[in-house]
Amino acid sequence: MYEFNELAQKLVKGGEVFSRLREEDIQIGVTPKEEVYREDKVVLYRFVSKVEHSLNIPILIVYALVNRPYIVDLQEGRSLVANLLNLGLDVYLIDWGYPSRGDRWLTLDDYINGYINNCVDVVLERHNLEQINLLGICQGGAFSLCYSSLYPEKVKNLITMVTPVDFHVKEGLLNVWGGCTLGSKALDVDLMVDTLGNIPGDFLNLEFLLLKPFQLGVQKYIDLLENIDSEDKLVNFLRMEKWIFDSPDQAGEAYRQFMKDFYQGNKLIKGEVEIGKKRVDLGNIRSPTLNIYAKQDHLVPPASSMALEKYIASVDYTACSFPVGHIGMYVSNKVQQDLPPTIANWLKARA
12 MYEFNELAQK LVKGGEVFSR LREEDIQIGV TPKEEVYRED KVVLYRFVSK
62 VEHSLNIPIL IVYALVNRPY IVDLQEGRSL VANLLNLGLD VYLIDWGYPS
112 RGDRWLTLDD YINGYINNCV DVVLERHNLE QINLLGICQG GAFSLCYSSL
162 YPEKVKNLIT MVTPVDFHVK EGLLNVWGGC TLGSKALDVD LMVDTLGNIP
212 GDFLNLEFLL LKPFQLGVQK YIDLLENIDS EDKLVNFLRM EKWIFDSPDQ
262 AGEAYRQFMK DFYQGNKLIK GEVEIGKKRV DLGNIRSPTL NIYAKQDHLV
312 PPASSMALEK YIASVDYTAC SFPVGHIGMY VSNKVQQDLP PTIANWLKAR
362 A
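Sequential numbering of the sequence shown, starting at 12, is according to my numbering.
Hints are computed from structural coordinates only; laboratory data are not their basis.
Just to be clear, a hint being listed does not mean it is correct.
What the hints assert, rightly or not - Heads up, simulated DSSO-like pairs for lysine-lysine below, C-alpha to C-alpha not over 30 Å straight-line:
no., residue 1, residue 2
1, Lys-253, Lys-167
2, Lys-281, Lys-44
3, Lys-165, Lys-321
4, Lys-52, Lys-181
5, Lys-44, Lys-244
6, Lys-167, Lys-44
7, Lys-165, Lys-253
8, Lys-44, Lys-181
9, Lys-165, Lys-244
10, Lys-345, Lys-165
11, Lys-52, Lys-167
12, Lys-52, Lys-306
13, Lys-289, Lys-244
14, Lys-244, Lys-306
Stated by the list, open to error - What follows is a list of derived Cβ distance ranges for each label pair:
no., residue 1, residue 2, range
15, Leu-140, Asp-199, 38 to 48 Å
16, Asp-243, Arg-290, 42 to 52 Å
17, Asp-201, Asp-120, 12 to 22 Å
Everything numeric in this text was worked out from a predicted model, so none of it was measured.
We treat Cβ as the ideally placed atom computed from N, Cα and C, and that holds for glycine.
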């Protein structure tokens with residue numbers, strides 16, 4: 012009876028908190044930034060720093076096409092971007108925007124040889140440099156590997172974070188669902204793209220939720236009841252929900268190639284991926300490489316990320332892990348104390 016009364020009081024107080032909250036209270040992407048380049052839906056941002064830059068080579072963040080990149084600048088105190096800035100780094104980020112029906116024919120060639128390369132050139136020209144530091148996250152890490160293979164002369168240092176490399180590791184439900192297990196094709200990608208054109212963001216979001224249906228679909232809302240009377244914790248919860256369900260559609264042709272070549276064909280480690288008629292050979296990557304992965308990652312299994320060392324030619328390779336899941340790499344307070352200095356110190360040692 013006591014527990015019931017306590018829960019009832021929490022719900023009443025939680026209702027009062029909800030009634031006070033406005034949409035502008037759920038702020039995401041807190042660090043000031045300026046637009047420095049725009050092409051189609053894609054925008055290149057440079058974040059405004061309050062401290063003097065201690066490195067003369069900027070770092071360009073390449074995020075995944077799935078979900079929005081502001082997860083790396085979630086809120087005060089939990090912002091990878093802000094923490095890197097405070098450590099003296101000059102930070103740029105590519106925002107892919109929201110593909111529309113007219114973008115269904117965009118290919119990986121458009122994204123890698125087009126948008127990424129153009130953004131890199133803009134940064135190089137702004138700073139009168141010949142090379143850049145590249146930080147690729149998740150699918151953006153796979154894109155960054157492709158880019159570094161095709162344009163090794165433009166990449167000074169490469170950092171990959173929670174990045175899939177071997178898409179046929181036996182761990183990870185996403186690999187199984189994508190159709191890589193035992194050569195099967197559980198997902199008919201051609202049928203999906205030919206029927207839908209762009210792949211709806213809501214479909215992809217449901218796919219990720221179904222990987223942990225109880226934890227992500229039920230348990231988190233049960234846990235919310237414990238904190239519903241705390242405005243700070245409630246706002247944090249709503250902030251994450253806002254990001255999770257802000258899922259852009261995927262350009263159909265780019266989705267087709269990524270799923271078939273990477274997930275189903277595992278062509279990245281085989282050297283068989285072709286981007287704009289150029290073959291991606293990970294052996295072309297000789298720049299210093301920092302590979303960061305999450306030990307409890309259910310989307311990108313550690314074994315998938317750790318495979319990178321076997322396929323690149325860099326003699327300066329560093330692997331670093333954190334005891335969190337995929338999302339924890341961005342939002343864990345402990346990780347945000349340790350991850351930014353790890354990146355900054357690694358880059359400064361190679362300045």
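**Message:** Against the 30 Å threshold, does the CA-CA distance of Lys-289 and Lys-244 hold or violate the hint?
**Reply:** Answer violated: Lys-289 to Lys-244 is near 49 Å, above 30 Å.
**Message:** The hint says 38 to 48 Å between Leu-140 and Asp-199; measuring C-beta to C-beta, is that right?
**Reply:** Hint holds: Cβ distance 45 Å, inside 38 to 48 Å.
**Request:** Starting from Lys-165, check that the Cα of Lys-321 is at most 30 Å away, please.
**Result:** Holds: Lys-165 and Lys-321 sit about 22 Å apart, inside 30 Å.
**Asked** Are the Cα atoms of Lys-253 and Lys-167 separated by 30 Å or less?
**Response** Violated, because 35 Å separates the two Cα atoms, which is more than 30 Å.
**Prompt:** Taking the CB of Asp-243 and the CB of Arg-290, does the distance hold inside 42 to 52 Å?
**Reply:** 51 Å, holds
**Message:** Checking one constraint from the list: CA of Lys-52 to CA of Lys-306, max 30 Å. Satisfied?
**Reply:** 34 Å, violated
**Request:** May I ask you to test the hint 12 to 22 Å on the CB atoms belonging to Asp-201 and Asp-120?
**Result:** 18 Å, holds
**Asked** Is the Cα-Cα distance between Lys-44 and Lys-244 30 Å or less?
**Response** 26 Å, holds
**Straight-line alpha-carbon gap Lys-345 to Lys-165, limit 30 Å** = 33 Å, violated
**Prompt:** Does the alpha-carbon distance linking Lys-165 and Lys-253 stay inside the 30 Å limit?
**Reply:** Judged against 30 Å, a Cα distance of about 36 Å means the pair is violated.
**Asked** Between Lys-244 and Lys-306, is the straight-line Cα distance small enough, at 30 Å or below?
**Response** 26 Å, holds
**Asked** Between Lys-167 and Lys-44, does the CA-CA distance stay at or below 30 Å?
**Response** 24 Å, holds
Figure legend: structure checked against the earlier numbered hints; hints not met, in rising order: 1, 2, 4, 7, 8, 9, 10, 12, 13.
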